[in-house]
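Engineer: Protein chains in written order, with our numbering: chain A, 426 to 807; chain B, 426 to 807.
Because the hints were derived from the structure by calculation, they are not lab data. Since the model is a prediction, treat every value here as computed from it, not as a measurement. Take the hints with a grain of salt, since some may be wrong.
Any copy, or any two copies together, can satisfy a pair, since identical chains are not distinguished.
[To be verified] The calculated lysine to any residue pairs, modelled on SDA-like cross-linking and capped at a C-alpha distance of 20 Å, are: (1) K463 x F473; (2) K463 x T428; (3) K770 x L604; (4) K463 x V431; (5) K770 x F628; (6) K770 x G736.
The primary structure of each chain is shown beneath.
2 protein chains.
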Amino acid sequence: MATVPVIALLGGGQLGRMFIENALRYGHVVHVLDPDPKAPCAGIAHRFVVGDLTDRETVVRFGAAADIIGIEIEQVNVDGLEDLKQLGKRVVPAPHVLRTIQDKGLQKQFYVQHGIPTAPFALVNGIEEIRAASRLLPAFLKTRTGGYDGKGVMRVDDPASTDLFEGPCMLEQCVDIALELAVLVVRDDNGVQVTYDSVEMVFDPVLNLVDHLQAPARIPAETAAHARALADRVANAFGEPGLYAVEMFLTRSGELLVNETAPRAHNSGHHTIEACASSQFDQLLRCYMQWPLGDTRLRSLAAMVNLVGSGGTGQPMLMGAEEVLALPGTFPHLYGKAETRSGRKMGHVTVMAQDQQTLELAIHTVREQCRVVPATTSAHAK
Amino acid sequence: MATVPVIALLGGGQLGRMFIENALRYGHVVHVLDPDPKAPCAGIAHRFVVGDLTDRETVVRFGAAADIIGIEIEQVNVDGLEDLKQLGKRVVPAPHVLRTIQDKGLQKQFYVQHGIPTAPFALVNGIEEIRAASRLLPAFLKTRTGGYDGKGVMRVDDPASTDLFEGPCMLEQCVDIALELAVLVVRDDNGVQVTYDSVEMVFDPVLNLVDHLQAPARIPAETAAHARALADRVANAFGEPGLYAVEMFLTRSGELLVNETAPRAHNSGHHTIEACASSQFDQLLRCYMQWPLGDTRLRSLAAMVNLVGSGGTGQPMLMGAEEVLALPGTFPHLYGKAETRSGRKMGHVTVMAQDQQTLELAIHTVREQCRVVPATTSAHAK
Chain A
426 MATVPVIALL GGGQLGRMFI ENALRYGHVV HVLDPDPKAP CAGIAHRFVV
476 GDLTDRETVV RFGAAADIIG IEIEQVNVDG LEDLKQLGKR VVPAPHVLRT
526 IQDKGLQKQF YVQHGIPTAP FALVNGIEEI RAASRLLPAF LKTRTGGYDG
576 KGVMRVDDPA STDLFEGPCM LEQCVDIALE LAVLVVRDDN GVQVTYDSVE
626 MVFDPVLNLV DHLQAPARIP AETAAHARAL ADRVANAFGE PGLYAVEMFL
676 TRSGELLVNE TAPRAHNSGH HTIEACASSQ FDQLLRCYMQ WPLGDTRLRS
726 LAAMVNLVGS GGTGQPMLMG AEEVLALPGT FPHLYGKAET RSGRKMGHVT
776 VMAQDQQTLE LAIHTVREQC RVVPATTSAH AK
Chain B
426 MATVPVIALL GGGQLGRMFI ENALRYGHVV HVLDPDPKAP CAGIAHRFVV
476 GDLTDRETVV RFGAAADIIG IEIEQVNVDG LEDLKQLGKR VVPAPHVLRT
526 IQDKGLQKQF YVQHGIPTAP FALVNGIEEI RAASRLLPAF LKTRTGGYDG
576 KGVMRVDDPA STDLFEGPCM LEQCVDIALE LAVLVVRDDN GVQVTYDSVE
626 MVFDPVLNLV DHLQAPARIP AETAAHARAL ADRVANAFGE PGLYAVEMFL
676 TRSGELLVNE TAPRAHNSGH HTIEACASSQ FDQLLRCYMQ WPLGDTRLRS
726 LAAMVNLVGS GGTGQPMLMG AEEVLALPGT FPHLYGKAET RSGRKMGHVT
776 VMAQDQQTLE LAIHTVREQC RVVPATTSAH AK
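So here's chain A without its partners, still in its complex pose (with noise of 0.2 Å):
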């Protein structure tokens, strides 16, 4: 290309963060639109614009001034990225692809459709249906649009439960998991896929979000093949360019099924900034420009420690540094969020070890030492 291409982001939060900090190495120039003035890309996008990412006219403005767009978050207008792509922007995720994934029923009808394992569902609407596929109880409905991190889930027992959520939902048998995996897969425009060793997250059952995820998963060499290759069936299926996060639950029985895809960078590969050669989001900037794929073994087992806000709301400040930063191989990340509030994701620590007692040793002093707090109470919360 004669000029170098400008990469129009959609959403501003730590995903695009940690892209943006990567992009930067190659000089690369990132527009950003968020509706939060404040969200974590301000300040270090080359252009930040405020805005609703779930408006069409907006979205299209915003990607007018780019040659390439780009996600951090699926809550965007679809329509806005269809016009874009007629308007001859490369975009990605593929808007089709984008269509399919941010509506849970679709999305679960898309891997029956291709063959895909995955957990028993029904599409119900409203209280009759959901009684109507009672079969499938206990299950988890999840409102088929909107939900994250946990939102948009609760769980059904009884069939004559009656505070259920109203609305197109997806009624998902729960399947006895003995693990959840995940695994990224990045595809580029000839159909080459490469994948990275899946991850085993570990959730914390009060806030329901990833506590922290090892990498490798502590699984069998043929499990951990299969579920590689189980991913690479999903984006092949999906069959457009981008980075995949294939959430996926091994079952006590040993089965693999697949919970969901995320078509942008992933919580669950936060590890692979240091434990890779080429990052989830190197891979992803590859994959925009169309340069090859990296490198994505690891350099060695690693973790991922979620840092959680604590100690209530202010300027978040990252305590335990001192206690962290002594052990090699642990790298902090905060997200450059402007206030910490109890329970926010704030950041992550990645570490990493050569055997697993080290690795486990830094986690527990992560966990331990570590905690984002608003930095006017840090004196009474250390």
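Let chain A serve as the given structure and place chain B on it in line with the hints.
Structural biologist: Using the frame of chain A, we list chain B on its own:
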């Protein structure tokens, strides 16, 4: 500390930019002062101030808004730094260290006073004093202040030479150089010091810039140990916290002589971004923050190839990214300079490999394929 400290950098070039690229991950607030409104740090610094680094009042006014003041270039007003220290600011490097290093004459005397081996020299002012020191010829005549990247340096072979630098200079005897090495040392407030592996510099004879460097240097183990010990002694002699890039000559007789020291991040440490767990920029942040120093071990062989502008003036564009990124373990860096010019240092590529042959192949590919050219003339340049 009860609030998040603000870091103020004097200088907004590529060193500042790479510092910020790492500091962003910690959510840090970095202010930058630079005379050029289009400097590489403009647009990514939280606060970018255009101003004269050599003006005392400008430096003080700028630094007064921060808690920690650092530099990315030596040519700054040291009186201003002294004033900021008086105001209770943390200043790294210590002003008196910078004062010594800014003056090549004082710096050489410092080495002699501390028993640090360095090439024979004389402080001279004007043609008569140069002739009086003709015992040192052939020699290099260096202006005591303001020179960099080969500027302010001339070779003197003939005592009868007439077109010599005027004013305070340092005349340094030519030594029989087998290899130019650099060793990075980081020192914390407790006097703890860590060193990186020595790097070997290869110069471009035309531009007199580092063309590429290799780490570790291809020297015997005891020479490498000696080089690290010597760099340790230099940092110890300065005796203040900070990052010290110690450049040295290995003579054909196997002697190590200190050439000069930069009390800041240095071109010879760029490979540490990818080749080490803690880069020189990360160590500097740890030092500013009084955090524990990081892991300096090399993950593999590494080389750093400078990218110098060619093909004229214009918006910089990286050519050959596809070819280079097709190799595993290659990491292009563009410095975000607004304009490329033939011969201007625009970026670098770090290459990592497990063996020398693979490393050299990668270096060759970078040298052959990678060019920074004006975007508009890219078609012809290809």
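Engineer: Up to 20 Å between alpha-carbons, please classify K463 paired with T428: within, between, both or neither.
Structural biologist: Result: close only across copies, 19 Å inter versus 31 Å intra.
Engineer: When no copy is named, should K463 and V431 be tagged within, between, both, or neither for a Cα gap of at most 20 Å?
Structural biologist: between (22 Å within a copy, 18 Å between copies)
Engineer: Cα distance capped at 20 Å. Does K770 pair with G736 within a copy, between copies, both, or neither?
Structural biologist: Result: close within a single copy only, 13 Å intra versus 47 Å inter.
Engineer: Is the C-alpha distance from K463 to F473 at most 20 Å within one copy, between copies, in both cases, or in neither?
Structural biologist: So K463 and F473 pass the 20 Å test inside a copy (10 Å) and across (18 Å) alike.
Engineer: Classify it for me, K770 with L604: is the Cα-Cα distance of at most 20 Å met within a copy, between copies, both or neither?
Structural biologist: neither (23 Å within a copy, 50 Å between copies)
Engineer: Should K770 paired with F628 be assigned to within, between, both, or neither, using CA atoms and 20 Å as the limit?
Structural biologist: within (13 Å within a copy, 47 Å between copies)
Figure legend: structure checked against the earlier numbered hints; the only hint not met is number 3.
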